[in-house]
Each structure stands twice: as C-alpha cells, then as structure tokens.
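The listed protein sequences correspond, in order, to chains A and B.
Note that the first sequence covers residues 45 to 283 in our numbering.
Note that the second sequence covers residues 2 to 294 in our numbering.
All the pointers check out, no bait thrown in.
When the alpha-carbon atoms are kept at most 25 Å apart in a straight line, the in silico DSS-like pairs for lysine-lysine are as follows:
1) B:K248 to A:K148
2) A:K148 to B:K276
3) B:K11 to B:K276
4) B:K278 to A:K148
Facing chain B, according to a computed beta carbon distance under 10 Å, are these residues of chain A, among others:
5) R92
6) G93
7) G114
8) N131
9) S171
10) H191
11) G209
A few chain A residues that don't get close to chain B, going by computed Cβ distances all over 12 Å:
12) Q108
13) H146
14) P241
15) T271
16) H274
In case anyone wonders, no lab produced these hints; they're calculated from the structure.
As the structure is a computational prediction, the values presented were derived from the model and not from experiment.
A virtual CB, placed ideally from N, CA and C, is assigned to each residue, including glycine.
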Amino acid sequence: MSSALKQMTRIEPVTFDLACEKLRDLSVALHALPPQTNQTSWQILNPRGQHAVAVGVTVPVSIQIDGHVGYYCAGMNDGAVITIEGNAGPGVAENMMSGIVHVKGDASQAAGATAHGGLLIIDGNASARCGISMKGIDIVVKGSVGHMSAFMAQSGNLVILGDTGEALGDSLYEARIFCAGTPASLGADCEEKPMTPDDKSILIDLLHRAGAQADPDDFKLYGSARTLYHFHVDNAGAY
Amino acid sequence: MCGIAGLFLKNRALEPELGAMTAAMLEVLTDRGPDSAGFAVYGDGTAGFVKVTLRAPVGFDFAALGHALQVGATVRDDHAVISVPIAREAEVRRTLQASYPTVDIVASGTRMELFKGVGLPALVSTRFGLAGMSGSHAIAHTRMATESAVTTQGAHPFSTGPDQCLVHNGSLSNHNDIRRTLIRENMRFETQNDTEVAAGFLSWKLREGAKLDEALTAALDTLDGFYTFVVGTESGFGVLRDPVACKPAVMAETDDYVAFGSEYRALVDLPGISKAKLFEPEPAKVYFWERAA
Numbered sequence: 045m046s047s048a049l050k051q052m053t054r055i056e057p058v059t060f061d062l063a064c065e066k067l068r069d070l071s072v073a074l075h076a077l078p079p080q081t082n083q084t085s086w087q088i089l090n091p092r093g094q095h096a097v098a099v100g101v102t103v104p105v106s107i108q109i110d111g112h113v114g115y116y117c118a119g120m121n122d123g124a125v126i127t128i129e130g131n132a133g134p135g136v137a138e139n140m141m142s143g144i145v146h147v148k149g150d151a152s153q154a155a156g157a158t159a160h161g162g163l164l165i166i167d168g169n170a171s172a173r174c175g176i177s178m179k180g181i182d183i184v185v186k187g188s189v190g191h192m193s194a195f196m197a198q199s200g201n202l203v204i205l206g207d208t209g210e211a212l213g214d215s216l217y218e219a220r221i222f223c224a225g226t227p228a229s230l231g232a233d234c235e236e237k238p239m240t241p242d243d244k245s246i247l248i249d250l251l252h253r254a255g256a257q258a259d260p261d262d263f264k265l266y267g268s269a270r271t272l273y274h275f276h277v278d279n280a281g282a283y
Numbered sequence: 002m003c004g005i006a007g008l009f010l011k012n013r014a015l016e017p018e019l020g021a022m023t024a025a026m027l028e029v030l031t032d033r034g035p036d037s038a039g040f041a042v043y044g045d046g047t048a049g050f051v052k053v054t055l056r057a058p059v060g061f062d063f064a065a066l067g068h069a070l071q072v073g074a075t076v077r078d079d080h081a082v083i084s085v086p087i088a089r090e091a092e093v094r095r096t097l098q099a100s101y102p103t104v105d106i107v108a109s110g111t112r113m114e115l116f117k118g119v120g121l122p123a124l125v126s127t128r129f130g131l132a133g134m135s136g137s138h139a140i141a142h143t144r145m146a147t148e149s150a151v152t153t154q155g156a157h158p159f160s161t162g163p164d165q166c167l168v169h170n171g172s173l174s175n176h177n178d179i180r181r182t183l184i185r186e187n188m189r190f191e192t193q194n195d196t197e198v199a200a201g202f203l204s205w206k207l208r209e210g211a212k213l214d215e216a217l218t219a220a221l222d223t224l225d226g227f228y229t230f231v232v233g234t235e236s237g238f239g240v241l242r243d244p245v246a247c248k249p250a251v252m253a254e255t256d257d258y259v260a261f262g263s264e265y266r267a268l269v270d271l272p273g274i275s276k277a278k279l280f281e282p283e284p285a286k287v288y289f290w291e292r293a294a
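Construct the complete structure from the given sequences, taking the supplied hints into account.
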C-alpha cells in the first residue's frame, strides 16, 4: 500500500510526493475517491513539470500542487478546487466542468480550452489561445493574454486585467470578454459592445471571486458582431 | 513533435558541466522525440585550426585517416573530430571527397563539434560521451520524424555553415521552393529535409553579412510553416518561434545561464532553477544572447 493510500484511511491532508511516488498512483487514488469522501484535502509535492497532474477529478476536494506543472493539469476537473503554486503548461483546466483552478504563476497556451464550467484564475499571464472554444467557463487572468484568445468562444466569461495579443475573440460566439488593457487587435467578428448593468454585475462578481484588485469601470466589453453565424449568399464566390 | 534543449552559459565556471547538464536535459525530452537525437557543443578551439566533424560507417578506421591526412583525430563512436590547420582545410576537404567516399563531413568550425544518430536520445548521448564534454553553449534535439525519413542524416542539428547549427521543432511548408532559390545562391544541401533548408537560409544570410538576429528576423518573412528554432553560432545562441507559436518553448535565465527547453521538465534539474526567471519566448520575436569575446 502506498503511503498515500495509508493516509487516505485517516481524515488528514494527504501528501503525495511526485519525486518518489508515481503520477499514475496519484491519479488512481484521486479517481477512487467516492463522492462523500472525508479525504478532502490533498497536497502534491514536486510535480517537476509533469503532465496531467490532478486530471479528471470528479469530487469536491481541495488539491494544492506545490510547483510548476506540465501539460493539461486539472483537465476535466469537475468540482475540485485545485491550486497550482507555480506555472502551468499548455491546456491547464482544459474541458473543466465545474470547480476552481487557480494558477499562482503564469499559464501556457490554451488555458481553459473548451471548458464547460467552473472558474479558472491565473494570477500571472496566459499565453496564446487562452479560452479557445470555451463553452461556459469563467476565466480571470490578472496579467495579459496571448494571441487568438477566446477564439471561437461559445459561452462563459473571459476577464483580462492586462492587455491581449492579436486577434482577440476571433470568430466569437456568445462568450463575453472583459479587458481592462489594450487588445493588440480584435479578431474577425469581434467588436466592442456597450456594457449593460447585467454585464457589469457579472464582471464585479468574477473580480471578487478571483480576488482581483481592479476597478470595473476600467474594463471594456467585447462580444460577437454575429455576422459569421450563418452562410451568407454574398460570400458564395469565396467557396 | 520533437524536443529541444539548449544551454548557454554565462558563468564560465560551469563550462566543465555543460555536457552533463545538456545530456540530462536531452534525456528528459525522449518522449517528444524517441527516434533519433543529436547535439552540437561549442568547446575550446585552437588558434589557427578548424575542427571538422566526420561521420563514417561503424568500424571505419579514423586513426588511419588522421595518420594519412596528418591531422589529429578524436574518435567518438561513428563520428570523429579532426583538427585541421586553417590553411589546409580546403585541401583536406578535397582529399576527403576524392579518397574517402564513405566519410561524410557533418560540420566544421573553430569551436563547434556536432554529433547525431538514430536511436533513443540516452543511447545517442552515451555513444558520443556528451556528459563528459565541456564548453560555453550546447544545443540538443530529440526527433520524432515528420518531413523526412528516420536517418542519421535527417537527425538534428543541421549545420550549413562554419560554427553554425540549427535545431527545429515543427514543419515547414515552403522548403522546396526556398531550397531551389538557395541552390541558385550556391548553397549545398545533403537531404530533402525541411530543417536543413532553414539552416541553409540562415547560413546564406550570415554569409551575406547579416548578424544572427538579422538573419532570424529575415526568416520570419521567408519561412512558412510551424517552427521553434534554436540556433548556435561560434559566440551566440538564438531562439525564434513562428507567429502562430504552435510549438512549445520554455526558457529559464539566471546570472549563470540561459536555458531553453521544449518543456519545463527539461529544465527542472538545472542549478538555481527555483530562482530562475522563467518565461515563454513570444511568437515572432527574435531572442539572442552573445558571449563576450
């Protein structure tokens, strides 16, 4: 029995050291947790940039990861609160369903890609394609994001306290993008929109939940111009 | 997918450790490129001499070759580095081409040695004794082939000019066109590989008088496709990602070194990494470090 499995029999934080224990054993332990588990606090040491740490957790536990992680950390999260005390590689919280993922450092490409729900908080910067094809997740980035962020974003909210790279919100559907800084450019079919009181209350709530120090009045709202939704006969010559 | 590891030392006290540090980084990247591997190391040079890295079929008698050409030869598995007086370089090259048809000239330069082969990166690294090498900077690559066959010739780094090498993660889409153009400029290519064309393009620019950063900037306008490049020159180390930045890249900088890894995993055992400045190189931005003379 691994040390982690022994600890699981007691109601104490489980410490899992990836310097000497296998990632696969961690995944097996997390996936074996029943919905009513009392083992609700986990600490993961020495991730050393490994991929797929704390992926596919479906129970409301709290997981703290002490260090930098590689690809797809906290992917498919459904209900857990996962904190990364470091940087995250590509695809952090990809396809999250619910819960909270908090990156204390920077996130690489495609943070929160295709995610359906939950809250992703990035204290630093996120690189390219943040929130690509997001489908309901809320993302708060306290720094800046890279190019093609919110590409084909369908629903949810992307809040950016800093600036953005090129082509923000390209081919956007109905996600909201709040940005306090300056977009390098807007993508096709993305435009600035008037911010309604409802939009503003969403922004204020997200800033509060993310612990972000920012004035809501500094933000502009970007959304879809809705001209790419349907085939337009005037474009027939392009095919 | 491929893996890249690069290390440029600022602190000369670390130079004896360069090979060991690079070998460790290379092995971590095995699962990004298990089919072949290679590396270039910029070590000591001898004034008035050029190092020529040769490759020949297993069992070739490099000692006899060195004796016949009257040059010193350091054999490392199926490669050897011969040290040739600069005044004799052209003559030695002619002799190699005329009399040693099984010997390939892999690279040359005052400081660069370049080794590559097919097989798991750890095996390639061990065969050539990378961990025991010293120097100021090194560039290493693990290959998962996409654009040309799994051969020693197709492994990276590619060298198309003196002390110049390039490794690549990605694939180019206009390399045939650029190869034809460069052939008209008297550049020579050994393979049908896309990366060799990128290396040749930079060597051509350098030959025409550009600095490395200027050559990399020109590459942004000319090369079409996906790429993260790490390039080396006698005194410099550069990084360039395409504007879309499909291929991953992480860098770490301390007072002692600049390190490049396709993933952070490759950097995790470097000294002082916990205090290093970690960043992803931005798309379409030229990064370049040069060693003071």
